[in-house]
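Novice: Which chain is which? The protein sequence lines are A and B, in order.
Note that our numbering numbers the first sequence so that position 64 is 64, with each residue one more than the last.
Position in the second sequence (first residue = 1) + 244 = our numbering.
Hints should not be assumed to be uniformly reliable.
[Unchecked claim] Pairwise CB distance ranges (calculated):
{"#": "1", "chain 1": "A", "residue 1": "133", "chain 2": "B", "residue 2": "247", "range": "26 to 34 Å"}
{"#": "2", "chain 1": "A", "residue 1": "193", "chain 2": "B", "residue 2": "307", "range": "25 to 33 Å"}
{"#": "3", "chain 1": "B", "residue 1": "280", "chain 2": "A", "residue 2": "214", "range": "24 to 32 Å"}
{"#": "4", "chain 1": "A", "residue 1": "212", "chain 2": "B", "residue 2": "268", "range": "48 to 56 Å"}
{"#": "5", "chain 1": "A", "residue 1": "14", "chain 2": "B", "residue 2": "332", "range": "28 to 36 Å"}
{"#": "6", "chain 1": "A", "residue 1": "167", "chain 2": "B", "residue 2": "280", "range": "41 to 49 Å"}
{"#": "7", "chain 1": "A", "residue 1": "16", "chain 2": "B", "residue 2": "305", "range": "20 to 28 Å"}
{"#": "8", "chain 1": "A", "residue 1": "8", "chain 2": "B", "residue 2": "344", "range": "35 to 43 Å"}
{"#": "9", "chain 1": "A", "residue 1": "214", "chain 2": "B", "residue 2": "311", "range": "42 to 50 Å"}
Hints are computed from structural coordinates only; laboratory data are not their basis.
For clarity, every value in this text was computed on a predicted model and none was experimentally measured.
A virtual CB, placed ideally from N, CA and C, is assigned to each residue, including glycine.
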Amino acid sequence: MLEAGKNKKLEKQTISNILMGLKDAFPIMLGYFSVAMAFGLLVKSADLYLKDSVLFSTVVFAGASQFMALNMLINGISVLSIVTATFLVNFRHFIMSASLSSRLLKPRKWQIPFIAFGVTDETFSVVMAREGVLPPVYVMAVSFFSYISWGSGTAAGFLLGSLIPEALGDSLGMGLYVLFMSLLVPEIKKAPRIIWVALTAGILNTVLSYVPLIGSSWSLVFGVIISALLFTFVFPLETEVPNE
Amino acid sequence: MNNILVLVILMAFVTYIPRLLPLALIKADRLPEKFKLFLSYIPYAVLGALIIPDGLSGIPNSVPISIIVLTVAAIVSWYKNNVILAFVISVAVAWGLQSF
């Protein structure tokens, strides 16, 4: 009896976590679908096949690097160079995974590979905007719905071309930056000095991208780490960080 | 054709490893406080670095429209903590300004 009651409760929690994930993933899904359509269309214009486009999106699942890889491929650049560039561009997920791991609520062993696969700029930003510890099922749900949208958008773009008028497609793509802004602003409202953490990282990202050897692939990683280090050790913020 | 498969697998590998390692290795309950504090700043720093500079040209070839849209998003989010509302209003503004 007791056991059954416990299971029911857990089941209910699982369903509510999945629904919460769907709700939070919604803006990502809209943005991803239109950006993925652009990717699918680009694959088609490069004279590759539908299965190639879907393979990229479902196996790699990393937006910016897919566009970059495709452009390099079209320009006849070697596989090794493309893979190296991909590693550099996607290395930023390392720092996001590290930050996410400190907030996850006791993930089971089998969940970790799935959670890891789903880490993108958008899914990471969305789940971390929640307060307190994060249920693994919720995190997986946000990634899952975003992933479905990315994969299906890619196929739709390849098959149907741009269904969406260009201006609307661009606006939905811009929606991903809107999403970042709408996640950041409420945090700044709660703890105003957070604006300095974000601004410092943004400015460093911009400046460092012009430094030879760092370039735009490392600038984000360095900008983020330097900013977080500065505010941890050099200028500790007096206010509590809300997510702690 | 086969080349694509090889490329995709290699890209997937170098993308997945950095995503996996920290999650597989870091034990949240055994982290020093300072390191936790450092990790807690990462999301804000990431958001800042995603918006600046790329978001400022989020609408291809139109920095002014991109900046207006981001400003609208910031204003809406300041008054209403509702991501979907901010998304819908800002995308509508972006679309409107581009069709103008």
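Novice: A separate judgement is required for each hint: does it hold in the structure or not?
Specialist: Against the structure, the hints come out as follows:
1. Taken as a hint, the range 26 to 34 Å is violated for the pair residue 133 of chain A and residue 247 of chain B, whose Cβ atoms sit roughly 44 Å apart.
2. Distance hint for residue 193 of chain A and residue 307 of chain B: a CB-CB separation of about 28 Å, consistent with the stated range 25 to 33 Å.
3. Here the CB-CB span from residue 280 of chain B to residue 214 of chain A is close to 28 Å, well matched to the stated 24 to 32 Å.
4. Taken as a hint, the range 48 to 56 Å is violated for the pair residue 212 of chain A and residue 268 of chain B, whose Cβ atoms sit roughly 34 Å apart.
5. Taken as a hint, the range 28 to 36 Å holds for the pair residue 14 of chain A and residue 332 of chain B, whose Cβ atoms sit roughly 29 Å apart.
6. One distance hint, 41 to 49 Å for the beta-carbon pair residue 167 of chain A and residue 280 of chain B, holds here, with the actual separation near 44 Å.
7. A hinted range of 20 to 28 Å is violated for the C-beta pair residue 16 of chain A and residue 305 of chain B, which are about 43 Å apart.
8. A beta carbon spacing of about 55 Å between residue 8 of chain A and residue 344 of chain B contradicts the range 35 to 43 Å that was offered as a hint.
9. A hinted range of 42 to 50 Å for the beta carbons of residue 214 of chain A and residue 311 of chain B is inconsistent with their spacing of about 26 Å.
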